[in-house]
Each structure stands twice: as C-alpha cells, then as structure tokens.
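Student: Listed here are the chains, written in short residue letters.
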Amino acid sequence: MGRGLSRLLLPGFTALVVVFLFAPIAVMIAFSFNNPLGRQNITWQGFTFDNYFSLWSRPDITDPMVTSLTIAVLSTIVATIFGTMIALALSRYEFRGRGPMNLLIFVPMTAPEVILGASMLTLWISLGTARGFFTILIAHIMFNISFVVVTLRARLAGLNKSLEEAGMDLYANERTTFRKITLPIIFPGILAAALLAFALSIDDYVITSFNAGHTLTFPLWVFGVSRLGIPPEVNVLGTLVFLIAFAFIAIQYWAQRRAGRTAEAGPVTMVGR
Amino acid sequence: MRRLTPYLLLLPGGAWLLVFFAIPMGFMLTQSLAQGTVDTGFNLTWNFGIYPDVIGQYWELFVRSAGYALATTVLTLLIGYPMAYTIAFHGGRLKNALLLIVVLPFFVSFVIRTLNWRMILSDNGILFGTLKHLGILDPTFHFLATPASVIFGLTYNFLPFMILPLYVAIEKIDRRLIEAATDLFASRRQAFWRVTFPLSVPGVVAGSLLTFIPAVGDFINAQIIGAANPQVIMIGNIIQFKYLIRNDYPAAAALAFVLVAGVLLLVAIYGRAVGTERLTS
Amino acid sequence: MSDPESRSQIELAIDQLMRRDRITRRSFMRRAGRGSLALGAALSLPSLLAACASPGSSAAAKKALEWANWPAYIDIDETITPSPTKYPTINAFVAQTGINVDYKEVIQDNADFLGTLRQDLAAGNPTGWDVISPGGWVVERMGRLGYLEEIDHSKLANWTANCTDYAKGLWFDPDNKYSVWWQGGITGIGYDPNLTKREITTFDDLLDPAFKDRAGGFSDMRDMFGLTLLSLGVKPENATIADVTKAQKKLLEANGRQQFRGYYDNTYYDSLANGDLAICVAWSGDVSQMQLYDNPNVKFVIPDAGGMRWNDNLAIPKKAAQIDNAHKLLNYWYDPVPATALSEYIGYFTPVKGVSEKIQADAVAARAGGGGASPDPATADLYDTLAPTVVPTADQIAGTYPDKQLSEAEEAQWNDLFLAVLGG
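These protein sequences, in sequence, are chains D, E and L. Residue numbering for the first sequence follows the numbering used here, beginning at 9 and increasing consecutively. Residue numbering for the second sequence follows the numbering used here, beginning at -1 and increasing consecutively. Residue numbering for the third sequence follows the numbering used here, beginning at 166 and increasing consecutively.
The set of hints was computed from the structure by calculation and includes no laboratory data. Since the structure is predicted, the reported quantities are computational estimates derived from the model, not experimental observations. Mixed in with the good hints, there may be bad ones.
[Claimed, not checked] Looking from chain E toward chain D, a few residues come up when the C-beta cut is under 10 Å (computed):
no. : residue
1   : Gly11
2   : Trp14
3   : Ile21
4   : Leu75
5   : Ile85
6   : Asn94
7   : Val109
8   : Arg116
9   : Leu157
10  : Ala249
11  : Ala250
12  : Ala251
13  : Phe255
14  : Val261
[Claimed, not checked] Dumping the calculated EDC-like pairs for lysine to aspartate or glutamate here, alpha-carbon to alpha-carbon at most 20 Å:
no. : chain 1 : residue 1 : chain 2 : residue 2
15  : L       : Lys269    : D       : Glu241
16  : L       : Lys269    : D       : Asp71
17  : L       : Lys251    : D       : Glu241
18  : L       : Lys251    : D       : Asp68
19  : L       : Lys251    : D       : Asp71
20  : L       : Lys377    : E       : Asp136
[Claimed, not checked] Ranges of calculated distance between the beta carbons of each label pair, as one might list FRET restraints:
no. : chain 1 : residue 1 : chain 2 : residue 2 : range
21  : D       : Lys169    : E       : Leu6      : 16 to 26 Å
22  : D       : Phe142    : L       : Leu457    : 41 to 51 Å
23  : L       : Glu575    : D       : Phe57     : 47 to 57 Å
24  : L       : Gly334    : D       : Phe57     : 47 to 57 Å
25  : L       : Asn462    : E       : Asn41     : 49 to 59 Å
All C-beta atoms in this analysis are idealised placements derived from N, C-alpha and C, irrespective of residue type, glycine included.
One chain only, chain D, in its complex shape (with noise of 0.2 Å):
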C-alpha cells in the first residue's frame, strides 16, 4: 500500500470535490450566453453576449441586485454594532439576566425561517405597517445579531486582560483603553462577523418573501422569473457576482502576497495564536 497511493489519493478526492462544487456554476456560466427562443434555457440555442449587454437597460433585472446590496450592507453594519455592544456585555461584565439574553440570542438560529418570518409578517399587518424596503431591513438585522453576537463572543473570551490593564495602569481611562486597544485587537473578529452578515443578508429568501410585499430583492426575484425555467438574465447576474468575487479574493491575495508576511508589531495582532 504505502505511501505512493495514498498520496495521490487525498489530492485526488479534493480535485474531484472541486469539479462537483463548481458543476452548477459552469453551467451557469455556460448557459449565460444561451440565446433561447422560448422561455426555456435548457437546450444549446446559439451563442451570444447580448445577454449581458441588454442588462444594463433593465431596470426590472438591476433594481433587485441594488436593493439586496444596500439591505445587506445596511443591515450589516446595524447588526455588527449591536452585536458587537451584546458580546462585549457578555464576555466581560456581570450582570443578571445572562441565562434569558443567551436564549434570545441563540433560539433564533434555532427556528425555522418560516416562522421567524410568519411572525414578523403578523407584527406588521397588526400594526398596519406596509411592506417593503425597510420591513426586510429590520428582519434582516435581527437575524444578524444573533450570528454576530455568536461569531464574536468565543474570541472575546480569549482576550488577554492583561493589555487592557497595562493601559488603564498608563492612566488611559476606559473610552481611551477601549479604543486604543480593545477595539483593534478584537477587530479582525468583528470583520469576520460583519462578512458572515453581508452573506448572510444578501442570499436570503425566506424571511425576506414574508416581509417584502412588493419589493423585489435579488433572490426574491430569481426564484420569480425561474418559475418557467432559467432565463438567461438570472444566470448572468450569477456569473458577474462570481466574478466579482473571484476578482476580489484574487486581489487580496496578490496585495497580501506582495505585501509579504511583515511581522507586525507583536503583542497589538491577533489574540492567542
């Protein structure tokens, strides 16, 4: 047996996980450039970019990508700041009431989407509120807060006081010890909650279908028009968020790559590694 086989093997394994996880998304890629006759995308009809050309002049296609970006990006920052003020009060101070405030946190992550949404669209026809915009917004931080408070609240535990009291020993106060040392250590954390949000907000479907009347958001709006099959539009909206993201990741790594791996200063970076 040995080791010749088992090294090809795990390597092996990985590459073909590779091609299942990206099998949709080469179809999509694909199938962007389909020129169907019908509202069917399903059969090779003709190549053609016009696909994405015509985009830009529909607004029914762009106006729900640019509200599911402001609603996720709104609702990111709300939540990270909420969230973060719950796990700071969490992990440092004492306080009664602790047993129910984790429950508040932890049991909406725990309930199916469904309800959280059902009971959201119940709060808003007693209060005669319309639907839209800012219903979905609300719904979304709420359920934000709780994967953020979650995200942060482990990494705050591993804190070291230590730093925190040699600053307040300099005769920093607490606002001053806070800013100048709590928050950039914890920061790496709170951006890693923040993208987990982003993601979080923006691919969400079911909460949102019950609190979004009228307004479209863009997976909203995809699960509309694919009813009769996938148009063309929808999977080249996917392609360019691909590529999007693919251009950013590519961009950080190159920048960091090139930046080298400077040691920066030691003790102010990442807590216990």
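Model the placement of chains E and L on the given structure of chain D, informed by the hints.
Tutor: Frame of chain D, contents of chains E and L only:
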C-alpha cells in the same frame, strides 16, 4: 455608571431582538393555542390539545426531516473532512487559495445554484442524458424527486458550513504532536485516529451544528430538486403550506414550535455527549 | 485563559480567509480601503449604468399601476430593448394613456396568492396592488367578503361593446360587479407521445403504472380533485365530502405506488417540456406555447370523463391606489387590437369579440406580405392554426366543467383532504 455599562451595551441589540423576535414569537405561541379562521379572526382558547394533534399527525415528517438532516451532516463530514485535511496538511503555500477556491461557488445565490443543479440532474440532461446515451444507465432512470436527490441538494448547499469550521480546527493542530506520535512508533493511521482526529473534534462539533440545524427546517431543496414529491417533502414544506395556503396559523405555529423544541433538545443531547464548552461557537 | 477551542470556529476560518499573517488595524484599513473601493465600484457599476440608461425609471415606477398576474399570460418580445417593458401590448397601453404599468408575474397558485392578500384585507389595509388576476372562486370569495372594489361599467365601454357571451355572467360573479374575464382555459392532460408511446384519452391514463415516476399531478386542489372526481363520474359542482374522500383515496393509492413524480404548480412546464415528465396535468394555453417555443411534440387532451373549465379575471382589490387608472387598463384589454396581439402569443380563450377573425386576417396578411414586409408563410400557418383555438368550441364547453362554489368550512375540509395527498 460602571454598573450600568453592561445594560447599556445590551440595550440596542437586546431591545431589537425583543421587539422583532421575542414578541412576535410570543404572539405566534399564543396563536398556536387559538382557534378560528383568517377571515373571522382567531380566538385564544388555550387549545393545548393542538400540540399532541400535530405531533401525532406529522411525527413521520419530523423524523424524515431529522433523518435527511442527519444524512446531510454525515455526508458533509465525510466529504468535508478529507478536503479540510488535505488543504490544511498538504496545501503548503496554496492553503489559503485552495480554501477560497472551495468557498468561491457559494458566493453565488443558493437559489441559482440549486436551480442549475436541477437542470444538470434532469432525466435527459447533461449528466444522465449522456450516461443513458452511452448505455451506462437504464433509460427509465431518474434522480430528481427522490430522497437521495434532496439529500444531495442539502449536502451541496451545506458543505461550506462544514468545511470551514473543520479547516480551522485541523489547521491549527500542532504538527509536532503528530511527529511525536510517529517518533513513538505510531503508524500513520494510529497517529491520525489518536492524535489528529481528537484534536479536530471541536471543528466537527461546530460544523455538525451549523449543518444540522438549518437543514432540518429546509424546504427549498425538497421543493426545487424534490419537485415536492409526497415521499420527500419535509416538515418545512408543511409549515409553509399550512401558513400560506391553508391559512391555518395555529397549526403552522404549533408545528414550528415543536420543531424548535426538538432542535433544542437534540442540541442539548449532543452537547452532553461532546462536552458543553465546545458548544460555545 | 485563552482556550483555543472556545474561540469561534467560523470566525477564525473567516479570519484565515481574509489574511494569513498578522495585521494591524491600520494596515488592514489600507488594504480594505483598496479592496472595498474596487468592490464597491464594481458592484455599484450596474446601478450607475442602470441609472444612466433609464434616468426616470424609479421615479416613474412610483406612479405605475401595480398589476399582479400569472406567468405565461402576456406577449413578450425579447428582441426589443424594454421601452418601458418587454411586453408589446403593455407598451402600447403606456404609449396610449401615459400610465405606467408595473407588471409582476407573482401569482403561482390561487390559494397561495389569496393568502398573501388576506391578512391585509381583513385588517382593512391596502394590498399594494391596483389590478390582480385571480381565478373565479377567488373572485367569489373576495367579493363576498368585501375585499374588491366594485367595477364602474360606465368606464368600461369596450367591455360593454365587445365582451363575448360566454365570458360574462358566470357563477362566481353573475353581474360582473367585481370582475371582468381576462383569459380562460382548460385543465386537461399534457403528454409527449414519444415518451408515453401511445395516445392518451382518459384521466386514468395518468395513473397507468407504465408511467410510474414520470407522471405529474397538480398542487392546485380544485384542479386536481376536479379531474379525479370527473374520472369517478362525479361533477365537481355537485361533489359531496364523501365524493371528495373517494377522490382522495384514489390519489393516495397512486401515491402509494409512487405514480406521481410530484404535485406541481406552474413549474410543471419545465419538467414536461424537457421530458422529465412523460404525462402531466396541464393547462391548454401552456401546452400551445410549449408547442410553439419549447417542445413541439407535446400534445394536449381533454380527458374523456371531462376536463376543468376555468378562467382568470381582472379585478381591483379594495383600497387600490389608482382605481380610475385601473379601470382604464381593464378597458384597454377589451379593445380588439391588443386582445388579438395577446391571443396571438398566449393561446388561451379570449373574451373579446372578433379576435378569431382578426387573427385569420393577420394570417392572410402574413401570407401575402406587403406594407414593406416579405411574405411569411410560417407565421401565416401559425395564425391559421391559432385562430380557431382562441374561442371555446361547443365540444369543449360540453366536455368541461366549472369549479364548485365552496364555503370556507367546506374549503377547509377539501384542503385538509388534499394536504394528505400532497404528503402531509
């Protein structure tokens, strides 16, 4: 002032969750105990009997949904662990790039990915059409609308939720521990099962929770890939039907709370089994 | 102490994704600044371009008529750049009246759609829609509960002049107080003879074990139970609970041997067109469009025992924002010109007099060419085939049946019986 700080910090987020989660959910809870119709209104009759009713009627679907979620968790673990291991241990300088490549497809909306899978997996589509043409598959073979296909869809969609935590746990294992094991005449297999795997368990736990919990309540895969076939629909589909079409809010709410309770119970059992500190992830 | 295991796994993973080495906030901000500038620019590019391309679009959209309809119910021209939409007949309306229309194909299922409106209407709130296209039983229910605005027929001159007899005074709205007919059709069976290997004539053919796993049912309770009841010799309008229970048992028996691949809503179109389904409950107009554009092999048949006759309507929900403009839209569709253009595309039953003749005239014109266009025999043939189908024939009317008028209690019972069929 110091005393107040924690409460002030908790206030905005806590209030938000209270108003937009706890109160609506509380209202849904009371609605589960009500009776009536949507046109004539619902009256709170403290109808606790609805809970045994819906459990009795739909316990099979609860079991089925849990089963699918469990299968999904196991499959993502079986696929994800070697992936994470390979990238962490054999990735070398390309580690980060490989991880990003693995996660890249999931930047595209899951609705688009699932719809495209349905197209790929259609009876005479790209995959099966070719195989049938080559005579490898029986012409009557179909994959869509079977339990296997729904689990397939769930596995695909939840794979990154398993791979990421696994990768983090495996990656930070100190290689010197493994070296030490082999120095002490452990075989590679022993070194893996006695050193590597146990150290990666926190990742396994985190990944399992992140996969199982949302998978249980999923209904999109059963709808798109499963074609809402009666044999494969999950409890989420029923809750959706009851709420949106049948407008039977009490039953829908009751089903939802049974689901939440069931999930919390399973999580608690799991936590006992693996040690509760590991759950704080 | 800093217990590694207690750190958030996901957060660490994402940490890893973002940067491998140590980094201070300052250097991150630098990189993030560059990165997010690029990302922000890239992502806002679509919206910038969109804004440049259609400067007034969002402002105009605010005053648009909100119209909810089913998919495959409007003519589409993919080759034109939207001005303002890609639906020629709607564009003509906008040009004629200056009223913008926000056309949304959001209705998949009557019960589903009613469910989205009900809570608001019960609370006395506006629904956000100006015009909706519900089925007959929905009109009856909404009308009875006071959820629809009354139609002012003085504003519908075209309807009074051009509406055919079979399209007015129906069971669900005998005085057309709340609705006018939009399009009608028949629920029957669609199938591909190449896949079924034989002709299909009865509902029981759908249950033939030879088509196991390749047969499709409908998730619409009235359509599915309706066809089943007819196959048992019961007219749906007279069906009792005992009858419906028998129908349920028949379908459950089929489920037990996994006859149906699934119970579909609109999405059956996909699976029937691409061959995943050999035979499926289907709508007449859908199959016509499928034959033209997606799969010429598929055929439509009304089962021997009977099919379901239905129509969708245009109605104005209570507290709609633009009631007057809504009336203008309703009136527009009874003008033979747009009605013909619509019928030439979607192939359902039209309520407007003279459409069939106009289609024939268009066929003649296409065959002859002239007016700058060359002779187009393909389109001419198309119109020739289409012309007779937009009006229900006597046979079709005889062979099809309407829904039963269900009270809320009865509907709940039928729905509960049906949920068991769907697998619940």
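Student: Indicate, hint by hint, whether the structure satisfies it.
Tutor: Do the hints match the structure? See the list:
1. The beta carbon of Gly11 of chain E is positioned within 10 Å of a beta carbon in chain D (closest approach about 3 Å), and the interface hint is therefore held.
2. Hint status for Trp14 of chain E: holds, given a least beta-carbon distance of 6 Å to chain D, under 10 Å.
3. Hint on Ile21 of chain E holds. Least Cβ distance to chain D is approximately 7 Å, under the 10 Å limit.
4. This hint is violated: Leu75 of chain E has a C-beta 13 Å from the nearest C-beta of chain D, more than the 10 Å allowed.
5. Interface hint status for Ile85 of chain E: upheld, as the beta-carbon distance to the closest one in chain D is roughly 7 Å, under 10 Å.
6. The criterion of a C-beta within 10 Å of any C-beta in chain D is met by Asn94 of chain E, whose closest approach is roughly 7 Å, and the hint holds.
7. A cut of 10 Å between beta carbons decides the hint on Val109 of chain E: the least distance to chain D is about 5 Å, and the hint holds.
8. Annotation: interface hint on Arg116 of chain E holds; nearest CB of chain D at approximately 9 Å, less than 10 Å.
9. A cut of 10 Å between beta carbons decides the hint on Leu157 of chain E: the least distance to chain D is about 7 Å, and the hint holds.
10. Checking Ala249 of chain E against chain D by beta carbon gives a least distance of about 12 Å; that is not within 10 Å, so the hint is violated.
11. For Ala250 of chain E, the suggested interface contact is upheld, since its CB lies about 7 Å from the closest CB of chain D, less than 10 Å.
12. The restraint placing Ala251 of chain E at the interface with chain D holds, with a minimum CB-CB distance near 7 Å, inside the 10 Å limit.
13. Checking Phe255 of chain E against chain D by beta carbon gives a least distance of about 8 Å; that is within 10 Å, so the hint holds.
14. For Val261 of chain E, the interface hint holds, since its Cβ comes within 10 Å of a Cβ in chain D; the closest pair sits about 5 Å apart.
15. For the proposed pair Lys269 of chain L and Glu241 of chain D, the alpha carbon gap of about 16 Å is at most 20 Å, so the pair holds.
16. The straight-line distance between the Cα atoms of Lys269 of chain L and Asp71 of chain D is roughly 14 Å, inside the 20 Å bound, and the hint therefore holds.
17. Among the hinted pairs, Lys251 of chain L with Glu241 of chain D is consistent with the structure: their alpha-carbon atoms are about 14 Å apart, no more than 20 Å.
18. Simply put, Lys251 of chain L and Asp68 of chain D have alpha-carbon atoms about 10 Å apart, close enough for the 20 Å limit, and the pair holds.
19. Of the supplied pair hints, the one linking Lys251 of chain L and Asp71 of chain D holds, its CA atoms being roughly 16 Å apart against a limit of 20 Å.
20. Note on Lys377 of chain L and Asp136 of chain E: the hinted pairing holds, with a Cα-Cα distance of about 15 Å set against a maximum of 20 Å.
21. For Lys169 of chain D and Leu6 of chain E, the Cβ-Cβ distance of about 21 Å falls inside the hinted range of 16 to 26 Å, so the restraint holds.
22. Remark: the range hint 41 to 51 Å for Phe142 of chain D to Leu457 of chain L is upheld by a beta-carbon distance near 43 Å.
23. Checked against the hint of 47 to 57 Å, the pair Glu575 of chain L and Phe57 of chain D passes, with Cβ atoms roughly 55 Å apart.
24. In this structure the supplied range 47 to 57 Å holds for Gly334 of chain L paired with Phe57 of chain D, their Cβ-Cβ distance being about 53 Å.
25. A C-beta distance of roughly 55 Å is found between Asn462 of chain L and Asn41 of chain E, which places it inside the suggested range of 49 to 59 Å.
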